[in-house]
Amino acid sequence: MKEHIAAALDAATLAGATYADARVVETRHERLSVRTGHVEGVESGESLGIGIRTIANGAWGFAATSDLTPDGIAHAARQAVALARAAAITASAPVSLAPVASFIDTWSAACATDPFTVSLDDKLALLLLTDDILRAEDKVRVTSASMGFIAVRKVFGSTEGSLIEQSYVESQAGIAAFAIGDGEMLPRSYPNNLGGQAVQGGWEAILALDLPGNAPRVAEQAAALLSAAPCPSGETTIIIDGSQVALQVHESIGHPTELDRVLGDEAAFAGTSWVGIPDLGTLRYGSEHVTVTSDATIPGSIGSFGYDDEGVPGQRDHLITNGILTGFQTSRESAPEIGRTSNGCMRADGWQRQPLIRMTTVSLEPGEWGFDDLIADTDDGIYIETNNSWSIDDKRLNFQFGCEIGWEIKGGKLGRMIKSPNYTGVTPQFWGSCDAVCSRDHWQVWGIPNCGKGEPMQVAHVAHGAAPTRFRNVQVGVAR
Amino acid sequence: MNRSLDDVRCIADRAAHAVPADAAEAIVLSRYSALTRFAGNRIHQNVAESDAQVSIRAVLGSRTGVASTNKLDDASILRCANAAADAARHAPQDADFPGLPHPKQLSIPSRAPLLLDAYGPQERAEAAREILDQSAARGLVAAGTVAVNDTITAVASTHGVDAAMHTDDIRATVLSMNGPSASGWASYFGRDARGFLPAQLGSHAATIAERSEGAVELAPGTYTVVLAPEAVADLLDFLGYLGFGAKAFAEGSSFLIDALGSRVVDPRISIYDDALSPATVGISFDYEGQPRRRTPLIEGGIAVGPVTDSYFAALLDRDNTGHALPAPNPYGPLPLNLEMAAGDTSVEDMIASVDRGVYVTRFHYVNVEDPMKVVLTGMTRDGTFMIENGRLAAPVRNLRFTQGVLSAFSSVGAIGSQRQLCGAEESAVLAPALLLEQWAFTGQTG
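Protein sequence lines correspond, in order, to chains A and B.
Using the working numbering, you'd call the opening residue of the first sequence number 1 and step up by one each time.
Using the working numbering, you'd call the opening residue of the second sequence number 1001 and step up by one each time.
No wet-lab data here; the hints were simulated from the structure.
It should be emphasised that the depicted structure is a prediction, and the values quoted were computed from it without experimental measurement.
C-beta atoms are modelled at their ideal positions from N, C-alpha and C, and glycine is treated no differently.
Treat the hints loosely; a few may be bogus.
Claimed, not checked - Cross-link-like lysine-lysine pairs, in silico, DSSO-like; alpha carbons within 27 angstroms at most:
1) A:Lys-139 with A:Lys-419
2) A:Lys-139 with B:Lys-1373
3) B:Lys-1373 with A:Lys-419
4) B:Lys-1071 with A:Lys-2
Unchecked claim - Examples of chain B residues lying across from chain A (beta carbon under 10 angstroms, computed):
5) Arg-1037
6) Ile-1043
7) Ala-1048
8) Ser-1068
9) Arg-1079
10) Ala-1091
11) Gly-1120
12) Pro-1121
13) Met-1177
14) Ser-1253
15) Gly-1378
16) Thr-1402
17) Gln-1444
Work out the full structure, taking the sequences as your base and the hints as a guide.
Here you go:
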């Protein structure tokens, strides 16, 4: 791989690049899925290629190829320079990059049991056993159990002298039961929707989820949802479980604090941000209970790495401190706009794509409440678990989330079950209404491996630490 | 830039016959794509990508396994073939698996290839500049893309399937921003280079942006709406994903259950999937090499049926409509070339017929509230206006809707006479504008 990097950087320099970096990325994946008693898929794959990013005539160009012959790499490097020169016809000012030290280093994430060494028989047996348990509940008509694994090895090099090799393994698994009746389909999943929980780690992480042990509850709750009460409509207090808080953070704090969005670079596709650079250090984003960090150093999180995809060390930074906006997620190009150096958030979806600012592990820091105490402290409201639908406007202000299940809270106690609760709000008012966050005992990191951004579309693996959190005066039961 | 059709076809054939199994199928996708992206009135990303990937499905009895690679040397393809066979050996028998399909007569549309050289880095940059100049000259800020795709798809199997086709397209988008809360939008998607007029596209978006300044609030409620084609395309896309696939039908989660042969929407609504339409860009066979054909999904308001692949056609005892996605996948067969039949009303006449309503240029971040009733939520963006006394009136701040598509399509006032190809190559939708009498807006950007 390192010889490919050297060849790419030499060719780009010879073609006239004033800066170049290159990433060779090799990925291997395996996915298995069982649906309603049938093995739906047993699949594996691999991909290898190089992405070359250049600055020429003061503008960016990027070319990627799976042709790793010397000619293939040289052609891609020259193509990247030609793309940069073409882009320069509209440049008002040349691209400049915040300084970063050059690193020659290796980094790898912990993985106790390489999942690619575990037999397909063992993996399928676990999924089929779990699926059998889910299907034991009569009212559950469709079931799903799946797991997937990715191994990544990549080498980054730049004309500034960095040469960084990184490797990690990600593992993901989850189950879902769907009860269907009277014209509605009601899902219940574990440990989260959309394929479950994703972590950096190996087979040990899959076993720790105890899918078979959780299947009876999941199936029972799915069936019970058919006769559960509809979500009431109106303003009330809500307590949201950690997995849904994670997505709430993702959509209404993570994305709007990406500095490329703030600067307008994503305007035509994902949108911009309701936050501006002048807001830094002064804007009240939420209540005093809201402190949010961006952290690429949390072991086991799929948002962690040693270095980002422009060679900046992974690090922890504060985005919101006691409710006040104190930081953005940045890159080498964007960070000078706020008078800082990059806090290392540039990542690409494989060798094919140019790095963008992507979330690392963006977390709502834990508070001090016990979960039972928080319920007991709530006179009237709804406790909501597990996302099922998400939508937010192009400035990340107006959002609406649907969830799988809820329970009434009456007089400090959980009451009857509620089906398909949803809630809507506007970002600063919503976070301003946060008056309690549960403690670190209830806090965990949730992997979100499906974050879409950019054109061509890139899917990033990001994560969020979160604990159950309470919000006041929230509109629930939209169109229910 | 891309491989030749014959090369890709040979790779597929070689891969299918390399598998130590009872039967095998190989899909090869070879692609060159390039995209020039601009924001803040300058190009900030200019990218190109070349790749080819082979995916092999091995069959042992009724067991199947899949493996893929983008390493196309003989040793790597053999390793991939063995991995697929190994996966099949570990999979349990599937009594419902009908076997790989046999070849059928294909109809490959004759489409002259785009001259990719005419859309090289310099030409795309020039087109981007033409677009953004329209905003810059008016003191506005433009963002968007000019992109070209060139794809060769080949499917081969040990049963004799031998399908290959070249497709290409141009896609351009432009968002013109007039301050922090006013914007306009225009896009082009297709393969007719004469239809891609950058300056005109940029001017259209800039005009909407200028017109959008000073947006007002609108109380949530039910309104008459005129939806531009891109907004309609979003609704059709979700209708296809949630309701028109055979997997959702077989599992009982599609609105088509118990509705076949019944009226489900206004009788003026007809929806088809048609990869052979000269207006679209897709391939005319599916990822099992089976022919796609014009498939009615809703005709005259009546539910006709779902799209199928070989597995679900056998399971449901229906015809195979040729809508397989690459195996395995969690979706089952899906319509990738949806179209709604055109009506006879211009957008101008639709607006003229509305006393009080809302015009929507496009939606943003649409998602599902209720899959069986196809209730969706999402936002408007880049040009939302009041309609008053038959004319576009004040711009409106972006609105949230929470609305059932089937119920909305049951209150049709008019269907547009012109259709626009929207989306992307993987899921192209040919949509007209729609006048809908009942549309629920449930919130607004704060």
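Taking the hints in turn, this is what the structure says about them:
1. A:Lys-139 with A:Lys-419: Judged against 27 angstroms, a Cα distance of about 15 angstroms means the pair holds.
2. A:Lys-139 with B:Lys-1373: 20 angstroms, holds
3. B:Lys-1373 with A:Lys-419: Distance ~16 angstroms between B:Lys-1373 and A:Lys-419 Cα, so the pair holds.
4. B:Lys-1071 with A:Lys-2: Roughly 19 angstroms separates the two Cα atoms, so the pair holds.
5. Arg-1037: 6 angstroms, holds
6. Ile-1043: 4 angstroms, holds
7. Ala-1048: Holds, because the Cβ-Cβ distance from B:Ala-1048 to chain A comes to roughly 5 angstroms (cut-off 10 angstroms).
8. Ser-1068: 4 angstroms, holds
9. Arg-1079: 9 angstroms, holds
10. Ala-1091: Interface hint status for B:Ala-1091: holds (5 angstroms vs cutoff 10 angstroms).
11. Gly-1120: 8 angstroms, holds
12. Pro-1121: 4 angstroms, holds
13. Met-1177: 6 angstroms, holds
14. Ser-1253: 5 angstroms, holds
15. Gly-1378: With Cβ-Cβ at 6 angstroms, under 10 angstroms, it holds.
16. Thr-1402: The hint holds - B:Thr-1402 has a Cβ within 10 angstroms of chain A, the shortest such distance being about 4 angstroms.
17. Gln-1444: Hint on B:Gln-1444: holds, closest Cβ of chain A at ~7 angstroms, below 10 angstroms.
Violation of the numbered hints given earlier is absent; every hint is satisfied by the structure.
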